[in-house]
Amino acid sequence: MGWAIALHGGAGDIPHSLPPDRRLPREAGLRHCLDVGIAALKAHKHPLDVVELVVRELENYPHFNAGKGSVLTSSGTVEMEASIMDGKSKKCGAVSGLSTVVNAVSLARLVMEKTPHIYLGFHGAEAFAREQGVETADPSYFITPENIERLKQAQDANRVQIDYTQPVQKEAKDAAATIPNGDSQIGTVGCVAVDSEGNLASATSTGTYANHLCAVSATGKGEAMIRGTVARDVAAVMEFKGLSLKEAAAYVIDQVPPGNAGLVAVSSTGEIATVFNTTGMFRACASEDGYSEVAIWDSPL
Amino acid sequence: MGAWAIAVHGGAGVDPNLPKERQDEAKRLLTRCLDIGISALRSNVPALDVVELVVRELETDPLFNSGRGSALTEKGTVEMEASIMDGPKRRCGAVSGLTTVKNPISLARLVMEKSPHSYLTTPGAEEFAKKQGVEMVDNDYFITEDNVGMLKLAKEANSILFDYRIPTVGTCGAAVDSHLQMNGLPISVYAPETVGCVVVDKEGRCAAGTSTGGLMNKMSGRIGDSPIIGAGTYACELCGVSCTGEGEAIIRSTLARDVAAVMEYKGLNLHEAVDYVIKNRLDEGKAGLIAVSKNGEVACGFNTTGMFRGCATEGGFMEVGVW
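As you go down the protein sequences, you meet chains A and B in turn.
0 is the number of the first residue of the first sequence in numbering that gives the first Met the number 0; add one for each residue after it.
0 is the number of the first residue of the second sequence in numbering that gives the first Met the number 0; add one for each residue after it.
It should be emphasised that the hints constitute simulated quantities derived from the structure, not laboratory data.
These figures come from a predicted structure and were not determined experimentally.
C-beta atoms are modelled at their ideal positions from N, C-alpha and C, and glycine is treated no differently.
Please note: incorrect hints may appear among the correct ones.
Covered by chain A, according to a simulated footprint, are these stretches of chain B (three or more residues, beta-carbon under 8 Å) [unchecked claim]:
1. 89-97
2. 106-119
3. 218-224
4. 248-254
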């Protein structure tokens, strides 16, 4: 038993042919964020602080779909959301519809700690952000040229791009067959951590859940995550079916239609699980015994 | 197998001093809604349609806390939220932050069926509503005099008024006109309630829906458990569940989902599952729920003092209750 941490930068149809100029910055980002988390755990920071810290780093990284670098709505704007949960107390906070808050995960934490509520959206969330004096920026700060291009492609193909759908090449509108070797969509981010006392915490842009058994951050097609109550189910299956963390994670992802979901999870006893039914999932994890891994597809890099 | 069942609720947590005529009014409304649902079920209307029909009725009536008669935000406005879920494929739809949509539950259904998403919130939700041509009204339509009065009281007490009432121990003999308790859980006499409906039809299909105006004196933008799938509402192959009470407690305990989870993963039947969840999942939170199973059973559970509810089965059982 000891501390453990896992984080992700999104699951999806990440092509194996992802070119280096797309792959390397994300790997570097994952490594950097993992190091930040490890340092914090070694300094005995509480897992709740650790996950917030790491997700802030992921949000600031423009290559992941959170904070700066968030994907765009159909109107070309950014609407960000995040949630955070503390395993022991099951206190949680969530925000959505943000357009000027630099770190959504920190605002989610403030909702949890400074209001009698759990979830604030849109105008109310932005107003609260100002009251709390959190860092805000002009909406244009969050928008990157890559995402403007992706939106255009999605609109041309007239569909919603999930976290990692392949964008359609202009010359090949009969998309199903072609897998462009380009620019895979970037995914949501999340982080889970447990300290050596078994305290758990989780923070994400999509499914988040933590209790006394485990902490989960899920990613992929949001709608599939909601219907499948994915993050919650991992814990439920551990508790009610007596499965181990890894078995539970595999069980739950198996229930979601292929190509739609992935998750990272840690248990109160320091185990780690990373499972996905997509082509790949940007992820990194480490535990106190010295294990550490940064990976995108099935085998570690 | 092959029998329908239906349950409706108008909120958990009832002031034991609630005047008899308010209790009767509530029971009449619950009975009326049950009858609407029962007659639809007898005409073979599918579970999902029955849920929407019944919740619309509850939203339209100003008595409970949803649609017209919703609790007010700290600004004195109404912000409504709702969710609906169809058991067979676990399709779901949810909306929040609505200020002009007459029937939030119907918009939630449209999100499920006419958008590629599961959950829309304001302002996009209202733009979507316009495009779908649903009935829109001014925010004033939803505001009732009762609630304006209650908001005033809540502000005076400078506390959040939950949409339920929890008496402190030893209120027998409390003055009939005592409005608020000052220990973080204010009670008010005529505080309105969240509403919900769960149905299983003859084909064994379950569905659930929940709708509310939320907490009295809440922060603008506050989202509670009612639109959150797995918290306030859940339906799957096995059952349909709708919850009410302390929103934050329901979210943290993923209450609706947990009923189904213990049935699925622990093999409990509906009644055992509801008991288990109410006993073990709420910590210090106060809430209640109604549920149906694909086998035509119906159950309700609450750890509050009372829950406005009604239930009926094809076998002829029917009950409307407050305590």
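Hint check results:
1. 89-97: holds (count 5)
2. 106-119: holds (count 4)
3. 218-224: holds (count 6)
4. 248-254: holds (count 4)
Consistency with the previously given hints is maintained throughout, with no hint failing.
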